[in-house]
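Starting from the known structure of chain P, fit chain U onto it as the hints suggest.
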Amino acid sequence: MSDLAYTRYELLRALRNKRFFFFSLGFPLILYFLTAGPNQGEDDLQGTGLSAPLYFMVSMASWGTMTAMLSTGARIAGERQVGWNRQLRISPLSAFAYLRAKVAIAYLMALLTLTVMYVSGTILGVSLPAEDWAEMTGLILIALIPFAAAGIFVGHTVTIESVGPAIGGGTAVLALVSGTWFPVTSGVLHDVGQALPSYWLVQAGRVPLGGEAWSATGWLVVAAWSVVMIGLAARAYRGDTGRA
Amino acid sequence: MESSITATTGIRLAGLVKTFRTPNGPVEAVRGVDIAIEPGETVALLGPNGAGKSTTIDMLLGLAEPDAGTVSLFGGAPRDAIAAGRVGAMLQTGALLRDLTVCELIAMMASLYPEPLGVDDVLELTGLAPTAQQRTEKLSGGQAQRVRFACALVANPDLLVLDEPTVAMDVEGRHAFWATMRDFARRGTTIVFATHYLEEADDFADRAVLMAHGRVVADGPTTEIKARVGSRTIRATLPEAGGDDALRALPGVASVDRRGAAITLRCSDSDAAIRALLSRFPAARDIEISGAGLEEAFLELTAA
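Line order of the protein sequences matches chains P and U.
Add 30 to the 1-based position in the first sequence for my numbering, that's all there is to it.
Add 477 to the 1-based position in the second sequence for my numbering, that's all there is to it.
Watch out, some of these pointers could steer you wrong.
Claimed, not checked - If we take Cβ atoms under 10 angstroms as the criterion, some of the chain U residues that face chain P in the derived model are: (1) Met567; (2) Leu582; (3) Met586; (4) Ser588.
Unchecked claim - Where chain U lies over chain P, by a calculated footprint (3+ residues, C-beta under 8 angstroms): (5) 37-43; (6) 102-112; (7) 121-135.
To be verified - DEER-style ranges, computed between Cβ atoms: (8) P:Gly261 / U:Thr486: 31 to 41 angstroms; (9) U:Lys615 / P:Gly261: 38 to 48 angstroms; (10) U:Gly595 / P:Ile190: 28 to 38 angstroms; (11) U:Thr570 / P:Ala125: 13 to 23 angstroms; (12) P:Thr189 / U:Arg663: 38 to 48 angstroms; (13) U:Ala749 / P:Thr189: 51 to 61 angstroms; (14) U:Gly619 / P:Ala253: 46 to 56 angstroms; (15) U:Arg498 / P:Pro68: 55 to 65 angstroms; (16) P:Glu191 / U:Gly527: 21 to 31 angstroms; (17) U:Thr547 / P:Glu191: 33 to 43 angstroms; (18) P:Gly217 / U:Glu542: 45 to 55 angstroms.
Simulated from the structure, these hints should not be mistaken for laboratory data.
Predicted model, so just to flag it, every value in this text is computed and none were measured.
From the three backbone atoms N, C-alpha and C, an ideal C-beta is built for every residue, glycine too.
Just chain U, with the same shape it has in the complex:
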């Protein structure tokens, strides 16, 4: 089969541009995006709403025609990879086809692909076995989301594309979702997912592509991206009054904010700061270290 030759070429997005006409004038959703993804990679497309993630995914899947630039999936046009059943995708829409049971819907999807996974296996994998006989229109939001995920998985694709897969899921659901995904990624499937949660990219992807205003503003291993978007915050309770100057002087601390006994340290190097904090202020307790929010990170990256 020719796919064994072309499979090595992965995914290439080159110079993608897409402008939408709206009543308020043209909107440049994507303004020149270049991304190369190797087979087996798990890549997060990260960015705030309106960054151009969904439009990029639409072009990747051939659902939107780029105004300029090219898309190549496994060495061919998106429609060829799709016709060969090599792509599974979970798009960003809320509902399912009605008047079918969960099991029937997944079986219907399976029937469209040349080498689908077993319907029962997918039901098991996505935790849908107990709801298999329910009608799709009677599911909760979280369950419906899982069914859409199952529809993408049952294709047994070489490329799995997920557009904000955990939106509308509760924390527990999100957890279960990524656990399933981790199992699935071991098969060597190439995975591209869009998210606006930095943690999801960090936990799950090998690589993150940061998008803002229709452009790629950073592209690299998630650890590197995190270092670049850098600043972390240490929050603690420090009963001793005063000492703000001493706190500010700690290595790695950029600024100090104190409200009563609660202190917030913005750090350029939180590792150094926490070590110094604990040795100088052993009474510090309730310590929390958190990464900067993605929005802040974007402001930092796009301001440059």
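For reference, chain P alone in the conformation it holds in the complex:
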């Protein structure tokens, strides 16, 4: 019995899933070149102090990684639909090992998306010192914690029929208020956005400006959402033993 064997097979399944590559990798990539490409020379995008290629690299990466994390939900909903979660529950696979596999796959997929976006950014002229790349990546991975839990929550709550619209619609709204399509620096959208972890995902792009990319509010918002979503995910997972 190898504890990591389950994760390995889950990874194999995830890599064979073509939809993932389209939605989580392909979409942000295409939109990045569509948004940042024509504005390649823009050095200060709408007063953010960031170049367009850098800003959109992080904003599209936010959207793609957010989708990658939430797509755990689609995978789980698919497994539930065929009753596979019940099959796993009557195996010795522990809840910890199951959830660890789901989160590990989500993060691997997010890292894949992130890498593709960073490479694209470099192509459009983004050039940063190594420590900035590292800090930015660190902040993004932290801000993805609530989304990792949300994926598990969604997967164990929503049916396979509605999981697509739920994730697609959810990420679209989050992307809008969080500044994925254009910087949101003031007004109601800004106020709402600040209370969401996806906003702080995009704000990770401020690392090259020096100083703190996240204010205390940012850390607090990400921490609060992490606690709430992990709680909801645990509850949904525990309660989900019935027949589909």
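Below, chain U without anything else, positioned relative to chain P:
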């Protein structure tokens, strides 16, 4: 290991009750079920749809929490037996995990258990060796069912639970399935399976537990159960006209129905009836003897 001590205690279901809330009011799926199963026994849980078999199995496996009563597997809670890898089960669902080959899926299941069987052995045993490299989403219904069976077997369990394992299988598949099961039962595995086919219980189980309306209505050796649900039917072609009274007078015959040359005798003792029929009516041919359908048997048992 402590399992060698607790293994002797088998399976105990005591006073199980489960009610589901539905939009049309509560449904009492299981209303007080007591079953004790000794290690190595093969027990059929027999009953029509809605009898409470699947709900009982869900509680046995810890997938549903009983409203009242207790479940003990090998002296402990279901989750302990499951965590120790002592339970393998084939649940009543139609599909498999996709994006894996048959071989990979079974290997994945094997990786979850402490002492699994060899993946190749299981592929061989279940007749899946030729389809081992196929993706699970491309299998026929019968093949998928066999893969689910393989997933339960590869656990090398002390207790094998099968919820209507042959549903959606054709006659040939059903035959092959029970042949495999018979081989497997020789290992001394405790086997509990739900079915609504009396023949399956009769052919394969040592003991049948009959359920109806959420209760156990009979529990005993399959031969005994069959005797209790008793009546058999003899069908034959009898060219001689008339003689209905003589037929009715045969020992063991309860009623006679004639349509042209085709006669149907409902019997309380078909052995006596067939002997008498052949000696009194040597021209009788195309003889068929069949047991009562399970539905009829249930009506009989639950009407009492």
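### Task
Against the structure, test the hints numbered earlier, and report the numbers of the ones violated in rising order.
none
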